[in-house]
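Residues per chain, in single letters:
2 protein chains.
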Amino acid sequence: MKLYNYWRSSASWRVRTALALKGLSYEYVPVHIAQGEQRSAEHHARNPMDQVPALELEVNGERVVVSQSIAIIELLDELHPEPALLPRDPYLRCRARELAEIVNSGIQPHQNLAPMARMDALQAGAGRAHARHFNELGLAAYEARAKDVAGRFSVGDSPTIADLCLVPQLNAARRFEVPDLEARFPLLIRVEAACLALPAFQQAHPDAQQDAVKPV
Amino acid sequence: MKLYNYWRSSASWRVRTALALKGLSYEYVPVHIAQGEQRSAEHHARNPMDQVPALELEVNGERVVVSQSIAIIELLDELHPEPALLPRDPYLRCRARELAEIVNSGIQPHQNLAPMARMDALQAGAGRAHARHFNELGLAAYEARAKDVAGRFSVGDSPTIADLCLVPQLNAARRFEVPDLEARFPLLIRVEAACLALPAFQQAHPDAQQDAVKPV
Chain A
3 MKLYNYWRSS ASWRVRTALA LKGLSYEYVP VHIAQGEQRS AEHHARNPMD QVPALELEVN
63 GERVVVSQSI AIIELLDELH PEPALLPRDP YLRCRARELA EIVNSGIQPH QNLAPMARMD
123 ALQAGAGRAH ARHFNELGLA AYEARAKDVA GRFSVGDSPT IADLCLVPQL NAARRFEVPD
183 LEARFPLLIR VEAACLALPA FQQAHPDAQQ DAVKPV
Chain B
3 MKLYNYWRSS ASWRVRTALA LKGLSYEYVP VHIAQGEQRS AEHHARNPMD QVPALELEVN
63 GERVVVSQSI AIIELLDELH PEPALLPRDP YLRCRARELA EIVNSGIQPH QNLAPMARMD
123 ALQAGAGRAH ARHFNELGLA AYEARAKDVA GRFSVGDSPT IADLCLVPQL NAARRFEVPD
183 LEARFPLLIR VEAACLALPA FQQAHPDAQQ DAVKPV
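Residue numbers (our numbering), protein chains in the order written: chain A, 3 to 218; chain B, 3 to 218.
If you're looking for bench data, these hints aren't it; they were derived computationally from the structure. Hints may be right or wrong, so weigh each one.
Where chains are identical, the list cannot tell them apart; a pair therefore holds if satisfied intra-copy or between any two copies.
[Stated by the list, open to error] Distance condition first, Cα-Cα at most 20 angstroms in a straight line; then the derived SDA-like pairs of lysine to any residue:
1) K149 - V61
2) K149 - E64
3) K24 - A126
4) K24 - R176
5) K4 - P92
6) K149 - V66
7) K24 - Q205
Next up, chain A with everything else stripped away, as it sits in the complex (with noise of 0.2 angstroms):
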């Protein structure tokens, strides 16, 4: 499999934790977006919405690629069952789609680098207020739809789905300085120390990318 990604893209940290919580290797091709490579005439090919990640993957003898990252996660949980990335029952797995949801389609597209130019254009500095207000709309509904499904993790006692998405998006909230995430987000914060102090997300983190930019 090749990874077509960006160490700092939230949607590509979900993807890079899923390969490696399920132990699968891969190849890393990054796309340096802050450079505008996901505008190439190849990237475009693989993802239309010039976005990351997309992965490329042998299917039936055929290479394909597959974008957006819901769905690549949900492919690969099908391809390699486990560790299990949502719950067995239905109810629950829904639990775990519904906080994946809040964060994918609620938090993250405000805060790509179109939506947050358009507004910069209109106000200096509305991008980033545009990005900080859905993150902290999102988190607190995230805080609110966990309380009476989370254990260690955001639903029961292994990471989901969920995790995958929360983790990147409380790196991203800081990033937007969302004031007082410890005091607003108790179980998130706990959350997250979880899945931090597993091995896959450690490896899947940005700072661990062989593309990752050094602060200065």
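We have chain A; now place chain B onto it with these hints.
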């Protein structure tokens, strides 16, 4: 089951279509989002993103509520497998989910009331332009990615979760005045017609709902 929803909400429409295709009956509970009812304490408890839909159902003798349309549709498909809303083959399942997510996380979040209001606060009309931009981008990506998997519907010859997302999205694209839909997205328009020929898609249409506002 009770579906808390709004006639014109595209995420509500997706879930109504899933329920109709599976022949499941439910109580329709309108949430008037144009009047702010989604921010009431009652609805906030059901869906702390203050959005529709939310589905109330009984699980193991207990009344529970779930939100996020994609998670709800996956749950309905697991609890009531026929007719299936995902292909059987894992790779094609992924392709259907990928198309659904192009709409769910790639387009729809940008046309929600909240981000549009934030844009409009910076410049009158900017919200609609924002929504139109992401409709154009996302529908082009959907058309490109559906080409090699489409049959009569987006993926193969029966409706999937992708079609459930596509039909409301094309309706929104018209409301936001995306030009030349027929010329630019011929595959999508053909699939939409195949969907709208089915009674389930007709039953789920906004204009057929009890809270629909008739044009004056």
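Hint check:
| no. | hint | in the structure |
| --- | --- | --- |
| 1 | K149 - V61 | between (39 angstroms within a copy, 18 angstroms between copies) |
| 2 | K149 - E64 | between (44 angstroms within a copy, 17 angstroms between copies) |
| 3 | K24 - A126 | neither (43 angstroms within a copy, 49 angstroms between copies) |
| 4 | K24 - R176 | neither (28 angstroms within a copy, 43 angstroms between copies) |
| 5 | K4 - P92 | between (31 angstroms within a copy, 18 angstroms between copies) |
| 6 | K149 - V66 | between (39 angstroms within a copy, 14 angstroms between copies) |
| 7 | K24 - Q205 | within (12 angstroms within a copy, 42 angstroms between copies) |
Going through the hint list in order, the structure does not satisfy hints 3, 4.
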